[in-house]
Amino acid sequence: MISNSGKRIKTLELWAAKIRRNVVDICMQRGGYAGQGVALADVGACIFFDEMRSDGDGWYHDRFINSNGHDTIINFAAMVEMGIYSMEALRTMGADGSTIDQSPIEGARGFEITSGSLGTGVSQAAGIALGERMKGSDKRIICLLSDGELHEGSVWEAFMFAAHYRLSNFVVIIDNNDLGATGKTSDVMAVEPVRKKMEAFGFKARQINGNSIPEILESFEEARSTKDQPYAMIADTKIFTGIKVYQDAIPFAHFVGANGRWATGFLKWEPGWNEIIGTIERLENELAALDSSVSPISCFQEKIPIEDSESKTFGDYIFESTGFDNQSTILSG
Amino acid sequence: MLLELQHRKMVPAAFDDISFDLCNRRKNVIMMSADLAHYCDLYKVTKDLPNQYVEVGMAEQNQVGVAAGLAKAGFIPVTSTFGSYASRRCFDQMLICMGTSKNTGICLAFTPGISSPAPIHHQGTEDLGMLRAIPHATVIDPMDVTDFDQALDIACDTPGLVYMRGHRGTTPKWLDPASFKFELGKTYPLRTGRYIGVISCGHASQWAVEASDILTDQGVDHSLLHVPTIKPVNEQEIIDYCFAHDEIVTIENHQISTGLGGLVCEITSKVGRAPRITRIGVPDSWAPGGSIGHIRKHFTLDPDGLAKRIAGVKA
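Read top to bottom, the protein sequences are chains B and A. Going by the working numbering, the first sequence opens with residue 598, and the numbers climb by one from there. Going by the working numbering, the second sequence opens with residue 27, and the numbers climb by one from there.
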């Protein structure tokens with residue numbers, strides 16, 4: 598069972614509410630993957646504000662690979678709370694000239710891989726897990742992917758690999774939201790039974806309510822105590838869980854436009870915004886009643902300057918790394 | 027830098043020694059395979075250096091993804107498989123997982139082009155064009171043991187995706203290690219002459235030397251330029267070479283589109299008024315299976331046929 602449960606869980610519920618608020622704030626500007634971001638807020642809060650250990654130097658000791666580019670909005674929303682990105686910067690997501698990508702490129706602050714090409718993150722996360730173990734490190738590698746991503750064959754190659762090499766430092770979280778790009782995963786290409794498949798592939802697996810913070814924490818605890826095999830957390834979620842008016846308005850949506858529109862309907866941003874602000878106020882009051890102070894975990898007390906995180910474009914980063922001048926007439930680009 | 031005929035030799039399973047030596051010198055290099063280790067001459071590392079070897083099974087996409095992950099954990103991964111799979115089955119992984127990263131990731135493509143006896147499915151004649159379309163990628167097509175060995179060592183210090191064609195089986199040693207020093211982008215004159223300039227890479231540089239031996243006997247005025255780095259290549263050296271000749275011939279173990287011939291045309295077109303460029307390689311058709319001699323003959327890439335085609339551009 599989870600120790601110190603009341604205060605810890607309430608704190609994480611508040612972080613999740615703030616992630617939801619930030620997701621909505623971003624998506625209100627130019628649209629975005631609002632439904633997924635809102636639904637994954639609880640998983641995100643547990644990853645960023647509980648499970649991953651600090652490196653004592655402003656970042657994490659453990660490594661989080663978000664394979665599904667659509668879901669990286671939770672990374673951004675969480676990193677706002679750490680002071681790594683500003684909301685002003687994130688509100689430019691999707692705008693011409695913005696350095697904030699909906700599916701970030703490797704090297705963007707806080708992102709270890711280029712996401713967006715679905716399925717490619719799991720192999721990389723497994724490779725990192727093997728590499729860390731080869732170095733004798735105790736780092737744990739968490740990889741988030743979606744149930745739709747299970748359609749990609751390469752993820753099963755990666756699962757086989759992780760089980761074959763008994764990567765017990767490797768946790769995959771499958772966002773099991775029965776949602777693909779064009780419809781229900783179960784209609785487009787059925788993936789169930791996911792838990793049994795993961796077990797058959799050699800994982801210790803548990804299916805949980807992905808919007809229950811206690812269940813997420815218990816699952817992480819089980820993952821940490823699992824020996825000689827990788828761990829799969831199958832997190833059942835429904836998009837927009839946590840903001841009822843949105844879920845009632847469009848229970849299925851892939852990308853919600855800035856006007857709140859999706860192919861099957863539309864939502865109004867303002868009522869949902871008011872709902873989540875109300876949730877945050879309620880949780881803050883409840884925490885105050887518990888005599889608890891809410892602050893970022895210790896590794897983020899010394900914040901990384903925002904100017905540093907946003908001043909470089911991807912191009913700068915790559916040019917610096919290769920030393921090749923793309924404009925040169927001598928070396929072909 | 028080209029060894030005299032009597033000193034040229036064939037080296038069996040050259041990559042076995044190259045990989046073993048590399049892993050012994052660089053303890054952060056990890057050799058990888060997708061269930062084709064022995065078919066790529068990878069023996070000693072698998073047996074004697076198990077901590078520097080990762081097998082992924084018949085899963086080329088996962089091989090590249092895992093390699094990119096190992097790179098992100100501080101290692102220098104070297105994937106290996108046949109060129110057909112190395113290029114076509116995991117192009118997205120190379121581009122996304124390695125091509126957008128500053129970490130070194132090396133993908134080796136053995137039996138490249140028409141050097142596989144099994145037709146189409148085991149032959150990869152599109153890879154140089156595919157890979158050189160990736161921004162900032164490094165693409166290398168060595169001709170023998172000497173430049174393969176040196177280029178692989180340099181690849182380990184090159185950031186980002188490095189795609190390199192490999193040699194397996196009995197491999198020629200025609201470049202003199204005492205005088206040949208591989209540098210990224212550099213081009214290497216192997217024979218000097220003025221009228222016909224022959225530009226080649228990879229296996230085709232062997233073919234070019236074979237044809238050149240015949241042309242030299244026949245007194246045909248020509249020169250040879252070996253271009254092991256397809257990207258980034260020293261464009262000025264290519265331009266200077268092309269404008270120093272009346273006719274240019276490119277030879278490659280690759281489609282004549284998008285590869286070396288295409289590259290030379292692109293470079294010279296920036297200047298304009300270049301000599302005519304005749305592109306020789308695999309035309310827009312499937313290659314047959316069979317021995318390399320048979321396949322070369324089919325495309326008139328055998329020494330005699332090639333010599334005639336080169337000399338023929340003068341007419």
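To be clear, the hints were calculated from the coordinates, so they are not data collected in a lab. Take these hints with a grain of salt, some might be off.
From chain B, some residues computed to sit far from chain A (all C-beta separations above 10 Å) [as the list claims (entries may be wrong)]:
| # | residue |
| --- | --- |
| 1 | G628 |
| 2 | T689 |
| 3 | K781 |
| 4 | V788 |
25 Å max Cα-Cα, derived DSS-like pairs, lysine-lysine [stated by the list, open to error]:
| # | chain 1 | residue 1 | chain 2 | residue 2 |
| --- | --- | --- | --- | --- |
| 5 | A | K35 | A | K296 |
| 6 | A | K35 | A | K70 |
| 7 | B | K732 | A | K73 |
| 8 | B | K736 | B | K841 |
| 9 | A | K53 | B | K732 |
| 10 | B | K736 | A | K70 |
| 11 | A | K128 | A | K73 |
| 12 | A | K35 | A | K53 |
| 13 | A | K128 | B | K732 |
| 14 | A | K128 | B | K736 |
| 15 | B | K824 | B | K841 |
| 16 | A | K70 | B | K732 |
Ideal Cβ placement from N, Cα and C applies to all residues, glycine included.
Results of checking the hints against the structure:
At roughly 24 Å from the closest C-beta of chain A, the C-beta of B/G628 stays outside 10 Å, upholding its exclusion from the interface. Residue-level check passed: B/T689 sits 21 Å from the nearest beta carbon of chain A, beyond 10 Å. A cut-off of 10 Å between C-beta atoms confirms that B/K781 is not in contact with chain A; the least separation is 26 Å. No Cβ of chain A comes within 10 Å of the Cβ of B/V788; the nearest lies about 19 Å off, and the non-interface call holds.
Straight-line distance between C-alpha atoms of A/K35 and A/K296 comes to about 40 Å, which puts the hinted pair past the 25 Å bound. For the hint pairing A/K35 with A/K70, the CA-to-CA distance comes to about 22 Å; that is within 25 Å, so the pair holds. Of the supplied pair hints, the one linking B/K732 and A/K73 holds, its CA atoms being roughly 20 Å apart against a limit of 25 Å. For the proposed pair B/K736 and B/K841, the alpha carbon gap of about 37 Å is over 25 Å, so the pair is violated.
As the CA atoms of A/K53 and B/K732 are separated by approximately 12 Å, the hinted pair is consistent with the 25 Å bound. Restraint check: the Cα-Cα separation between B/K736 and A/K70 comes to about 31 Å, which exceeds 25 Å; the hinted pair is violated. Among the hinted pairs, A/K128 with A/K73 is inconsistent with the structure: their alpha-carbon atoms are about 31 Å apart, more than 25 Å. For a cut-off of 25 Å, the pair hint linking A/K35 to A/K53 is broken: about 30 Å separates their Cα positions.
With a C-alpha separation of about 20 Å, the suggested pairing of A/K128 with B/K732 holds against the 25 Å cut-off. With a CA separation close to 22 Å, the supplied pair A/K128 and B/K736 stays within the 25 Å bound. Pair hint B/K824 plus B/K841 does not hold up; C-alpha atoms about 39 Å apart against a cutoff of 25 Å. For a cut-off of 25 Å, the pair hint linking A/K70 to B/K732 stands: about 22 Å separates their Cα positions.
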